[in-house]
Amino acid sequence: MRVTSRLRTTPFSILDRSRTRQGRERSQALRDTVRFAQAAEALGYHRFWVSEHHSVPGVAGSAPTVLASAVAAATVRIRVGTGGVMLPNHRPLVVAEQFGVLESLFPGRIDMGLGRSVGFTDGIRRALGAEKDAARDFGAQLDELLGWFTGEQDAHPQVHAHPAEGLRLPVFVLATGAGADLAARAGLSLVIGDLRGRDEMLRAIDRYRTGFRPSAWSSAPYVVVSGNVAVADTTEEARGLLLPEAWSMAHSRTHGVFPPLAPAPEIEAREMTEKERGFYERGLRGQLYGTEDEVAAVLDELIERSDADEVLVTTSTYDRQALLDSYRRLARVAGLSTAHPEAVGGGAGL
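Residue numbers for the sequence shown follow the UniProt record's numbering, beginning at 1 and rising by one.
Simulated restraints on C-beta separations: (1) Glu266 - Ser219: 43 to 53 Å; (2) Glu304 - His160: 37 to 47 Å; (3) Glu236 - Val159: 53 to 63 Å; (4) Ser104 - Lys275: 41 to 51 Å; (5) Gly139 - Glu271: 38 to 48 Å.
Just so you know, the hints here were simulated from the structure itself, not pulled from any lab data. In this text, all values refer to a predicted model and were calculated from it rather than measured experimentally. Even glycine gets a Cβ: it sits at the ideal position worked out from N, Cα and C.
Model the full structure from these sequences, guided by the hints.
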């Protein structure tokens, strides 16, 4: 396998959504996330992020700053953060305080990744106190949040966010389109996906770089491209890793419920309606999977075309041992430095 110089110099990171698995307790998914972070650190990955989802049967991660604290406490070197905290669901002051605590406990290792999604049903949004169109206020919420760190917010005079005020930590905006413009205006790093819509993604990246304004948070644009990447001994095996997530997404689109991940053989044997099959096939189309050589070639082209500064991998599957093997193979593809190979030899508990 040929590892290019561009692949060798591009950091690779992981976003784990704490996906639940059929027949297993939700709490196990959270413990698995912490152990997965330890394995990711040993493999040489740059960051390990966790996500925020509410009232989703297939996802256990509902409190990302709490889970990030557990991950940071269980690791030593890897950067830890959120991918992301959904700002419309929270008061900016509380978010600033939470990240201030994290950065104070684990100085120099915490990333603040922010998104603008709201709950996907009216009931969830009401429970969170967020309206359906709350994402429209993301720019103002972002300005207020950053102001709590700099001490320059003026919406609430004589109120201070302790211990956040005066701290600086990397800030990322998770975007699909319009969010790229907000990240550029605020002078923040951009996380953009997914890898299936390459041309649209590249156009958004160009807009971001063109409109970027240097800030106290970042002096230059920083682009993280994100998406699923599956690597296995054969192309078909790698594709099989993506089946559980593809079916879970198809089920959510047709039944309104995002279920736990099921084993790939069970999904392949399932009789699907025409509508389910359509969503399922679309979920697999354009995904990045294959052998190490195949994935290396596609990643090399992707990084070259996007001029990405970093790659964030978001792959989930039912078989956690196969998932860890995929990330181990990807670490070889990217030429990552494995500091402690014995720590990831068996992946116990994953």
